[in-house]
Amino acid sequence: MSAPQDLRSYRDLDRIDRRLLELLRDNARMTNQALSDALGVAPSTCLACMKRLQQAGGIRRLTIDVDPQALGPSIDALISVRLRPGARL
Numbered sequence: 001m002s003a004p005q006d007l008r009s010y011r012d013l014d015r016i017d018r019r020l021l022e023l024l025r026d027n028a029r030m031t032n033q034a035l036s037d038a039l040g041v042a043p044s045t046c047l048a049c050m051k052r053l054q055q056a057g058g059i060r061r062l063t064i065d066v067d068p069q070a071l072g073p074s075i076d077a078l079i080s081v082r083l084r085p086g087a088r089l
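Residue numbers (the UniProt record's numbering): 1 to 89.
Computed beta-carbon distance windows for the label pairs:
| id | residue 1 | residue 2 | range |
| --- | --- | --- | --- |
| 1 | Arg60 | Ala38 | 18 to 28 Å |
| 2 | Ala56 | Leu83 | 55 to 65 Å |
| 3 | Asp37 | Gly72 | 32 to 42 Å |
| 4 | Thr31 | Pro73 | 28 to 38 Å |
| 5 | Ala38 | Asp76 | 40 to 50 Å |
| 6 | Ala56 | Met30 | 19 to 29 Å |
| 7 | Ile16 | Asp76 | 39 to 49 Å |
No lab work stands behind these hints: they were computed from the structure. Backbone N, C-alpha and C define an ideal beta-carbon position, used for all residues, glycine too.
Sequences and hints are given; from them, build the entire structure.
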């Protein structure tokens, strides 16, 4: 198995690669079918592009951005501890 090629710059990517990265940046949960439809390519072509970009380091990981306020109320606590000289712990 050969070592993955590094992507040197954004200019090294073709039109489909750049558009794929834009779509994933906006919604990393898009299905391969939705991505291929948006790109106007076959699902197998889209999947091959994704794998190539991942192996080359162009896509490091797919993440989510969680809004803590949307998950409900949080609990905040302020705790104060006072120790007296000579007190046993």
